[in-house]
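A.B. asks: Residue-level listing of the chains:
2 protein chains.
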Amino acid sequence: MQEYYSDNSMMLVAVDCIIFGLKDNRLCVLLYRRGFEPCKGEWSLLGGFVNKNESVDSAARRVLTTLTGLNDVYMQQLGAFGAVNREPDRRVVSVAYYALLNVSERNTSVGSVSDNAVWVAVDSLPPLVFDHQEMIDMALAALRRDIKATPLVFELLPEMFSLTHMQTLYETIYGYPLDKRNFRKRVGTMPEVIDTGLIDKTGSRRGARLFTYRKQSPPTPENRPSHKPSTIS
Amino acid sequence: MQEYYSDNSMMLVAVDCIIFGLKDNRLCVLLYRRGFEPCKGEWSLLGGFVNKNESVDSAARRVLTTLTGLNDVYMQQLGAFGAVNREPDRRVVSVAYYALLNVSERNTSVGSVSDNAVWVAVDSLPPLVFDHQEMIDMALAALRRDIKATPLVFELLPEMFSLTHMQTLYETIYGYPLDKRNFRKRVGTMPEVIDTGLIDKTGSRRGARLFTYRKQSPPTPENRPSHKPSTIS
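Quick note, the sequences are listed as chains A and B, same order. Those letters in the first sequence? Residues 7 to 239, per the numbering used here, in order. Those letters in the second sequence? Residues 7 to 239, per the numbering used here, in order.
Take the hints with a grain of salt, since some may be wrong.
One copy or any two copies: either way a pair holds, since identical chains are not told apart in the list.
[Claimed, not checked] Pairs of lysine-lysine, DSSO-like flavour, derived with a Cα cap of 30 Å:
{"id": "1", "residue 1": "K191", "residue 2": "K154"}
{"id": "2", "residue 1": "K46", "residue 2": "K154"}
{"id": "3", "residue 1": "K186", "residue 2": "K58"}
{"id": "4", "residue 1": "K186", "residue 2": "K29"}
{"id": "5", "residue 1": "K154", "residue 2": "K186"}
{"id": "6", "residue 1": "K58", "residue 2": "K191"}
{"id": "7", "residue 1": "K207", "residue 2": "K46"}
Just so you know, the hints here were simulated from the structure itself, not pulled from any lab data.
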């Protein structure tokens, strides 16, 4: 056995969480200032080491729950970051995860556990520790990709939402405006977006029709649609 | 420093390569029988441990090059597999990569280094060691996703190819047939697929028109097309 497993290459494995949220219609990420060495005082993603008796996924979930107090947050592994000198003092391989938090509905919890955590808009980030900027860049690219192909956007929307709200969300994540008519035409072909029949009159006299999301069973090769499913891009 | 870095949770980090190739119009993956314990004699992906002084990406590249003798193979990280007991005797976190090999052009190299490596069709795999079946399932899903959104398919095609060849490749990867007329219509809207003007008459009297792939500069928000770019699905 000794020839196969060599203790020489044992290393630390960490997790880092890129937690996205919408605040004041801007796409933000949760950061904090490190309270310990190395790099004390610098801006960082939230993370921690993987313990011997927990899976890497569980470690990420633990970090997220400890910070936000929430268990049911959408979370997706982004990949491993394994450059030799990515941390100054030790060899640490970090597995990054991105998470989506509906800030408006849940902002009471965030910050109550970690006093130093703050939402920072992704288009005006401070210099970050280690390779955390690269992690955010990759998470953003993954979010933009995944939001086209999956119903991820509904993780960031409240239970009921207007189409204007939904469009603003896409625009914020993509970083550019969408044509309103094309957007509504495409949403019209999405069977999972259901008209509730309710009108929200808090924003305007005419009001905004409220929609909700209902999960559809995923297509299999047998029942996949003959046309490409509509996506927003 | 001691409070932050704890040696108690040091572990081994490995890489595993899911190497895809097309053989006899079937999507295959490169496997070998382990020549050592644990699990000697069982079918496995090709992998190895990450050394202290190499990045995780470099380790994957090293494993691939050692096996195939090739440096310029397309390779993409799939993610980390970190269940506590994924290997029986030690805690090992493995980072999986998938690679695409153009077998018909390069099959002389593969197998010359590793005598035990063989191509096995993904739809008739033997029982595999550890979580390697899960890795292949995820790699296949990633390949099917990425081939829609990126010019990945050209990594598996020769320099010049017929549209029938290209369609067969998509069908093999997706696992279901595509409509020929729709396929050709979509390819017609891809500016990166160039008609060479050459006809390959080796397969039929009428011959097949040969195309080639020319890389386009990626769209930016400023010059992105007003219509969704064509994809094959």
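A.B. asks: Treating 30 Å as the Cα threshold, decide for K207 and K46: within, between, both or neither.
C.D. replies: neither (49 Å within a copy, 69 Å between copies)
A.B. asks: Treating 30 Å as the Cα threshold, decide for K186 and K58: within, between, both or neither.
C.D. replies: Answer is neither; intra-copy 51 Å and inter-copy 53 Å both fail.
A.B. asks: Checking an output row: K58 and K191, CA cutoff 30 Å. Within, between, both or neither?
C.D. replies: Answer is neither; intra-copy 51 Å and inter-copy 54 Å both fail.
A.B. asks: Could you place K186 and K29 in one of the four classes (within, between, both, neither) given a Cα distance threshold of 30 Å?
C.D. replies: within (22 Å within a copy, 47 Å between copies)
A.B. asks: Which holds for K46 with K154 at a C-alpha limit of 30 Å: within a copy, between copies, both or neither?
C.D. replies: Classified as neither: same-chain Cα gap 38 Å, cross-chain 44 Å, threshold 30 Å.
A.B. asks: Between K191 and K154, at a C-alpha cutoff of 30 Å, which is it: within one copy, between copies, both, or neither?
C.D. replies: Classified as both; 16 Å inside a copy, 23 Å across copies.
A.B. asks: Can you tell me if K154 and K186 fall within 30 Å by alpha carbon in one copy, between copies, both or neither?
C.D. replies: This pair counts as both: shortest intra-copy Cα distance 17 Å, inter-copy 26 Å.
Checked against the numbered hints given earlier, this structure breaks hints 2, 3, 6, 7; the rest are met.
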